[in-house]
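Undergrad: So the chains spell out like this:
Number of protein chains: 2
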Amino acid sequence: MISKPAIDAERIRKAMQSGKAADAESGGLRYVRFVHDFEDIARGTVIFDHGTVYGYPAIGRLLALRTGLAKQLSGPFWMEEKIHGFNIRVTRIEDGLIALTRGGYVCPFTNDRLPDLLDTAIFDDQPDLVLCAEVAGPDNPYLESAPPFITEDVRLFVFDLMRRNSPRFLPQDEKMELSRRYALPSVEIFGRFETSDLKPISDILKRLDEEGREGAVFKEDSPRQRRTKHVTGSANLSDIRNSVYSLLDLSPEYFTSRILRLALFVDEQELEGSDDLNRRAGAAFLDGLQEAIRRHHREGRVSHRFRCRFRDPENAGHLIRYLKRASGHVQIVKRDLKPDGEFWLLEFDRIYPSLNGLLSDWLAGKVVFD
Amino acid sequence: MISKPAIDAERIRKAMQSGKAADAESGGLRYVRFVHDFEDIARGTVIFDHGTVYGYPAIGRLLALRTGLAKQLSGPFWMEEKIHGFNIRVTRIEDGLIALTRGGYVCPFTNDRLPDLLDTAIFDDQPDLVLCAEVAGPDNPYLESAPPFITEDVRLFVFDLMRRNSPRFLPQDEKMELSRRYALPSVEIFGRFETSDLKPISDILKRLDEEGREGAVFKEDSPRQRRTKHVTGSANLSDIRNSVYSLLDLSPEYFTSRILRLALFVDEQELEGSDDLNRRAGAAFLDGLQEAIRRHHREGRVSHRFRCRFRDPENAGHLIRYLKRASGHVQIVKRDLKPDGEFWLLEFDRIYPSLNGLLSDWLAGKVVFD
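Residue numbers (full-length UniProt numbering), protein chains in the order written: chain A, 1 to 370; chain B, 1 to 370.
Quick caveat, the hints were computed from the structure, so don't treat them as lab data. Some hints could be false.
The list makes no distinction among identical chains, and a pair is therefore deemed to hold if it is satisfied within one copy or across any two copies.
Dumping the calculated DSSO-like pairs for lysine-lysine here, alpha-carbon to alpha-carbon at most 27 angstroms [as the list claims (entries may be wrong)]: (1) K71 - K206; (2) K366 - K71; (3) K366 - K206; (4) K71 - K229; (5) K20 - K199; (6) K71 - K20; (7) K366 - K199; (8) K366 - K229; (9) K229 - K324; (10) K199 - K229; (11) K206 - K334; (12) K338 - K71; (13) K334 - K324; (14) K229 - K206; (15) K334 - K229; (16) K366 - K324.
With the hints as extra help, turn the sequences into a complete structure.
TA: Printed below as a string of C-alpha cells:
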C-alpha cells in the first residue's frame with residue numbers, strides 16, 4: 001500500500017537543502033529523517049515509501065500548576081501518567097514492525113523486543129496505526145534509571161495513537177477504545193478533569209511523588225489537542241542522582257534547573273519535612289559523586305554498566321554501533337553478550353571521559369585556576 | 001617621589017593597543033589599569049605616576065592535598081588561613097592611602113574605611129609598601145556572606161606584603177617581622193610544614209571545616225614563591241547557599257564544581273556523618289530557593305539587602321556608581337543612607353533579574369520547552 005505523500009517532494013527537497021532533513025537507512029530500509037523541526041514538521045518525522053510517520057511533538061513543561069493549567073488549557077482535559085523512559089513510535093512498514101526513536105532512528109533494541117512488549121495483532125486490523133509509547137525499565141540501553149515499579153527488563157506503555165500521514169493524535173475516546181479492544185499496555189489514565197480540579201490533581205501528583213514516579217501529562221480533550229506536562233519533586237531528584245556521572249558532560253543547567261523545579265514543586269504542593277527533603281537532595285548529588293571518586297581510586301575510572309536483552313544477537317551489534325555513533329564523546333564499550341534463557345544478554349559500559357579526566361587530574365594533584 | 005617606571009612606556013603602549021590595559025581615573029587621580037593579564041604582568045596591575053602596584057596573581061586551587069602538595073610545592077611551606085572576603089591592595093600615593101580591588105579599581109568602600117581597618121602608621125616608615133589583604137564581614141558591599149567569626153561590620157586581614165614597582169612578595173620572615181612590629185591585622189598563620197606533614201595539615205583543615213571557615217593558602221618558603229590554595233567542604237556549601245539567588249546569573253559550573261569539590265573534600269578527609277552532610281548540601285540549594293519563591297509570592301521579586309558603613313557619605317555615592325557600572329545586568333538599587341553613630345549607614349539591594357524573570361514566568365503558568 002503506497003499512500004499519497006503527506007509531505008510533497010518540493011518541501012522534502014527544501015528541508016534537505018537546509019540541513020533539516022537527511023537520508024537514512026536501517027536494515028536495507030531507506031527513508032528520509034527530519035533532523036530538526038522544519039516549518040510545521042516536527043523533528044523525528046520519518047518519510048518511508050509507505051507513508052510518513054510524524055515526529056512526536058515537544059510538550060511544554062508547566063512549573064506551577066495553580067496558574068498554569070488554567071493558562072495553558074481550556075475546558076476538560078485528561079491527566080495521564082508520564083513515564084520515565086524513552087519515546088518510541090511503532091508502526092508497520094511492509095510486513096515488519098518498526099520502532100522509531102524520538103529523533104527518527106530505528107531503535108535496534110526496541111525493534112528486537114517488540115513481540116515481548118505488546119501484542120502486535122492490532123496492526124493486522126489497523127495497518128496504518130502509529131503507537132506512541134514510552135519504553136522503560138532497569139534493563140534498557142539508554143537511561144541510567146527506571147520507574148520504581150519496574151524491577152527487571154523493560155515494559156512498553158502506550159500514551160498516544162496516530163495514523164501514518166497525519167501529525168494529529170487520535171481523539172482520547174478513540175485511543176481508549178482501541179487500547180481496550182486490543183489490550184494495549186498503556187500508561188495509567190488518572191481521569192478527566194477541569195482546570196478548577198486542583199485538589200484531586202494535586203493529590204495524585206503528591207502520591208506519584210511519594211511513589212517515586214515521574215509526573216503527568218495533561219491533554220486537552222478538544223480538537224486543538226493542547227498538552228502540557230508536569231513532573232514531581234522525586235523525578236527531579238532522580239534525574240540528578242542518575243546523571244551525576246555526567247556532571248561535566250551534560251549542560252550544567254541540567255542540574256540547576258532541576259533543583260529549581262524541585263523547589264517549586266515543594267512550594268506548590270506545600271510538602272512538609274524539609275530535613276528529609278534536604279537530605280535526599282544532598283544525597284542525589286553526593287552519594288553518586290562519592291561513589292565515583294571511590295571507584296576512580298579503585299579502578300582508575302568511572303563508568304556505568306548497562307544490561308539489556310535481545311532475541312537476535314545481531315541486533316545487539318546494531319545497538320552498539322548505533323550508540324557509538326550517537327554518544328558523542330561518551331565512550332561505549334561492549335563487555336559481554338551471552339545466552340540468557342530465551343534471550344541474549346548484552347552488557348556494555350558507558351564511560352564518562354569528562355568526569356574521568358577531571359578526577360584523574362585532580363586526584364593526581366594538579367591545580368585549577370578559576 | 002617619582003620612581004623609575006617598572007614597566008616602560010613602550011610595553012604600556014602595546015598593552016593599551018591590544019586592549020589589555022586602559023586609562024582609569026579615581027578622585028582626580030589618573031592611572032593605567034591592566035584589565036587582563038599581559039605578558040608577565042598580572043591583571044589588576046596599576047601604574048601611577050608614583051610607581052606601579054602589581055596585580056595580585058591568581059593562585060592555583062588544589063583539589064587533592066595528598067598528592068597535590070608534594071606535586072606543587074618543594075621543601076617547607078607556610079600554611080595560612082584563606083579568608084572569605086574580597087582582595088584589596090593598600091598603598092600610599094602622594095599623601096593619601098588608596099585601596100585597590102583585584103581588578104585594579106579604587107574601592108570606594110575600603111578606601112573610606114581604611115582608618116578603621118588598620119593602623120596606617122606603617123606607611124610613614126615604609127612609604128612604598130603594598131599591603132595585600134582580604135576585607136571580610138557581614139556589612140560589606142560585594143559578598144552575600146562572611147566568615148562566621150566576624151559578626152558585624154568588616155575587618156581587614158593582611159596576608160602578603162609587596163613593594164611598589166616589584167611583582168614579588170616580601171619573604172615570609174620579613175612579612176611576619178613587619179606585621180609584628182606594626183601590629184598589622186593578619187590572617188592566622190598555622191605554621192611551617194613539609195609536604196609529608198599531611199596529618200597536622202589535615203587536622204587544621206578539618207577544624208576549619210567544622211568552624212565554617214574557608215580554607216588555607218600554602219606558600220612555599222623559597223625564592224620562587226610558589227603558592228597553592230585549598231578550601232573546606234563548608235566553604236563550598238556556603239558558596240552555594242549564598243549564591244543561590246544568582247543561580248541563573250552565575251555560570252552553572254559555579255554550582256556543579258562546588259558540589260564536586262565538596263565530594264572530594266569529604267573523600268580525602270574521610271568525613272563521617274553522610275546524612276548530616278547530605279542534609280546540609282540539600283539545604284544549601286533548597287533553603288535559599290524556597291525562600292526566594294516565598295519572597296517572590298509576597299513581594300513580586302527577589303533581592304538581597306546589603307548594608308555597609310562609611311565615614312564620608314560621598315563615598316557611598318561613589319560606591320553605588322561603581323557597583324552599577326560593575327554589576328552587569330544585576331540591578332543595584334540604593335535604599336537608604338543615614339547617620340549611624342560616627343558613620344553613615346548605606347543600604348542597597350542587589351536584584352537578580354534572571355531569577356526574577358524566570359520565577360515570574362513560571363509562577364504565572366508559562367510553559368518551558370526543554
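Undergrad: Does each hint fit the structure? Answer for all of them.
TA: Taking the hints in turn, this is what the structure says about them:
1. K71 - K206: For K71 and K206, only the intra-copy Cα distance (22 angstroms) is at most 27 angstroms; the inter-copy one is 52 angstroms.
2. K366 - K71: between (52 angstroms within a copy, 8 angstroms between copies)
3. K366 - K206: Close across copies (21 angstroms), not inside one copy (46 angstroms); limit 27 angstroms.
4. K71 - K229: Answer is within; shortest intra-copy Cα gap is 13 angstroms, inter-copy 51 angstroms.
5. K20 - K199: neither (44 angstroms within a copy, 60 angstroms between copies)
6. K71 - K20: neither (32 angstroms within a copy, 51 angstroms between copies)
7. K366 - K199: between (54 angstroms within a copy, 20 angstroms between copies)
8. K366 - K229: between (44 angstroms within a copy, 12 angstroms between copies)
9. K229 - K324: neither (31 angstroms within a copy, 40 angstroms between copies)
10. K199 - K229: within (17 angstroms within a copy, 53 angstroms between copies)
11. K206 - K334: For K206 and K334, neither the intra-copy (40 angstroms) nor the inter-copy (42 angstroms) Cα distance is at most 27 angstroms.
12. K338 - K71: neither (53 angstroms within a copy, 46 angstroms between copies)
13. K334 - K324: within (10 angstroms within a copy, 56 angstroms between copies)
14. K229 - K206: Within. Shortest intra-copy distance 15 angstroms satisfies the 27 angstroms Cα cut-off; inter-copy 45 angstroms does not.
15. K334 - K229: Neither way: K334 and K229 sit 36 angstroms apart in one copy and 41 angstroms across, limit 27 angstroms.
16. K366 - K324: neither (31 angstroms within a copy, 37 angstroms between copies)
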